[in-house]
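Going down the list, the sequences are from chains A and B. Just so we're aligned, residue 134 is where the first sequence starts under the working numbering, counting upward by one. Just so we're aligned, residue 134 is where the second sequence starts under the working numbering, counting upward by one.
Read the hints as simulated data drawn from the structure, not as lab findings. Treat the hints with caution; some may be incorrect.
Unchecked claim - PhoX-like mimics (lysine-lysine), calculated; alpha carbons at most 25 angstroms apart, straight line: (1) A:LYS149 <-> A:LYS377; (2) A:LYS607 <-> B:LYS607; (3) B:LYS549 <-> B:LYS489; (4) B:LYS167 <-> A:LYS549; (5) A:LYS167 <-> B:LYS549.
There are 2 protein chains.
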Amino acid sequence: MDIPSQGAVYMADIRKIFYPSSIAVVGASENLFKWGSYIFTNIIAGGFGGRVFPVAKNRETIYGHRAYTTVAEIEESVDLVFITTPAVSVMGVLADCVKKGVKNVVMITSGFSETGEEGTRLEDEMIAYCRENGLSVVGPNTMGIVNTAASLYATGSQVRAPRGGISIIAQSGNVGNQIMEWAEQQNIGIGKFVGSGNEGVLGCEDYVEYFGADPDTSVVLMYVEGIDDGRRFMDAARRTSMKKPVIALKAGRTETGGRAAASHTGAMAGSFKTYEAALRQSGIILVKAPTELLTISSAFDSMPLPKGNRVGVVTLGGGWGVITADECEERGLTLPPLPDNVYEKLDRMLPPFWSKGNPVDLVGQPSMELFLESMNSMVSSDAYDAVILLGMVGAGKFVLRIHESAASMGYYSRDKLGELQQLFADHQTNFLDNIIELMEKYDKPIYPVALISTPGEEMIHYRDGSRFKAIIYKTPEEAVFCLEKQYEYYRYTSRRTTGRP
Amino acid sequence: MDIPSQGAVYMADIRKIFYPSSIAVVGASENLFKWGSYIFTNIIAGGFGGRVFPVAKNRETIYGHRAYTTVAEIEESVDLVFITTPAVSVMGVLADCVKKGVKNVVMITSGFSETGEEGTRLEDEMIAYCRENGLSVVGPNTMGIVNTAASLYATGSQVRAPRGGISIIAQSGNVGNQIMEWAEQQNIGIGKFVGSGNEGVLGCEDYVEYFGADPDTSVVLMYVEGIDDGRRFMDAARRTSMKKPVIALKAGRTETGGRAAASHTGAMAGSFKTYEAALRQSGIILVKAPTELLTISSAFDSMPLPKGNRVGVVTLGGGWGVITADECEERGLTLPPLPDNVYEKLDRMLPPFWSKGNPVDLVGQPSMELFLESMNSMVSSDAYDAVILLGMVGAGKFVLRIHESAASMGYYSRDKLGELQQLFADHQTNFLDNIIELMEKYDKPIYPVALISTPGEEMIHYRDGSRFKAIIYKTPEEAVFCLEKQYEYYRYTSRRTTGRP
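Using the sequences and the accompanying hints, generate a full structural model.
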């Protein structure tokens, strides 16, 4: 008979935390500067479909919802309880939860081990009680959780990223929130989010295991300061990273950072070198900055993996080609010369003084036809594992601006500007659809980099019915960085699968 | 008797290129897909205040301006001639210029040395003729020039960055244009721009000398692939970098990049190690990506220099503090502990479980008063040379969103949202003004990093009558990177001034 491991038990529980049918918020409040209000309003305004019960003393209603004095008093079943009341009240609330048969708790409450000795004593007592009574707890001192698939937005800030496949584990609520904020701004899809807080009961290792098994998660994104159970974490990470990429930022890399981490999450950061080696061996892709976490995760979530390090580059301008070539070599990627068939084809199309090599320089001619032909030749060639396209996206805006200048001088109709704008927008949509088609056909990643990008503009292109998306990069270095990391992950999984180095 | 060096002669000429009273555009055209139209419409629509004469065959007018068949035919004096006609026509146009007494030419025309042997022969002939006749030439194969102080926007793309102190030398037109595009989007002030093209007559060394002497230029920004006259360039750079920072990206750092550069500008890139050492010795601050060029230049243009590497950090959330601490140590900056007087002051104000160290963690309390007090204590302390502020800017939006959620549920008046928004905007303005005042008072840089930034929002704050600006950074790593480079420059100038290492 199989006895489920601790991990397996937690896994079943963790699913229920993210997919509750009914929620109680203890400490719910109409005071807009209290956590009991942050969480309650976010759940309701975020569009959660299940039942939500406010629990508050001496109140008939909270935001028009009938209020209860205790969790135990609620007549219907309760799948998940958020606790926002002070640390001293928590043991009483947990007793209520047990009485009511609640199994899952998100403990927003702070004032535990992060505040010193007395808090640590309280936290230990709380943990012992939860273990004894089979309670799964996120936190304490957590920013909350999100599950976009259930329209469950239950964090302190009212950030609501769109639905997608990137799931986030954050040992810092503010860093996690900022990543979701960027995702919302860029329309990058997020699956689930958990602020792991003090990790009293559930820890990083449990979340990474669960996200590994979660069919709605395609990429796991982590912000980590310290790991309590290193062995279990590495095992879980190793299992997960064979199924999907795990992208992590390990903060507290330096002595100064380690000291700051110790005062923040109480994490004993340990030597980064040791961490780094262990994390890499578990297949985790390491980055250094929070923005990189999202950029890299989004690349994994959107494109096929490169099966080698040979890059083809097509550019509208020479300078970008040089910058891209430098970045590629410095990141272990190569730019092989053009194979004969590609050379001959391009030589027929391009002006006589074209670059005659890789990067293919279209010498400033923003012709969609030329660009499409060059792109097709490069992507379809066996000589390249990935293709970077510099400057075609956004080129329409360049042309549009010249027409705007002429219009301002009275020499081009303002009415026609709208038509032109629509024409370029359609061209760009077709171009990005084309990129997605090519990625599907050849199973290679393609990275378009914008000539001009406008702040607030969509930088990710979705195509109905496709498993891939086209990401518009703002700079070549960002595209090359993603390619490097995707290739690193490809090599890791190949080694694990084939046993070859 | 002093004989002016070649450099000095060019300097006088170069000034006239950027401050012409009258301009002729040879090849002016109403065809919106021709360079003769790009340049002409950009000059007119950009608001240039001087006279502009189109030169075109068989046309009465161009965009309503009386057209001339040749430059020589123009009755009034002409300070600067743009040539956009094909390479084969250039010698004839130059002869016209000489006849008319024109001294300065911007040669947009391509098809010279960048296209092969015949082009090189033509370019050599052109150069010899210009030298003989005392013609100063920008280009050929240049994107054009800009001087915001004269509202002179004369490049191929209609980018119009606001007026400011950062002047740009670009050996790649598209890279230079993209930098101006970013500057326009972020409201970062640009002084002058020159696309140096093939550098037939005037080269990088002339522009760096001129920008060094130009009172309207506070920072010199360069994109370089190769330098012809290394000795003259290094001398000019050394002179300029003692007066103002010179920030450069040297592309073609790698073999792959060098090959791409050779095919682009024909630059013989040479060993990057050699370049790197020489450039650094000349006081040039090197970066690796075009976005970094602008970010770093803007920091130099906006803030006082740090006089040491000791950084104080105030944060609204622990995670950012850890990330910032890591970045600082990795970039050679230190986070000294709090001096007693600062410690005692903060200990009286903050909750008992505050971080008690540097970074000062305000544990998520978005109180402007607390933040201002902490900032003042850190900036005024002799223990710190620079201060990084994490999360106060944008915190109003966090609060606003909670109110929006409540409003969407019918519990907070939508009318009041507008008032609240205005209140937060005012708070933020005061906060940023306060930062500028502190920078003036203590002559130290202060780097606010936003909790939430909205795309397209102003990320630079100007205060009337102040020599400093407040830059709102999107990420801590960006702020730390700027601080590192500003400190590098401070050390360089101190060594040069004091002779000490």
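Query raised in the report: Which earlier hints turn out false for this structure, listed by number in ascending order?
Result: 3
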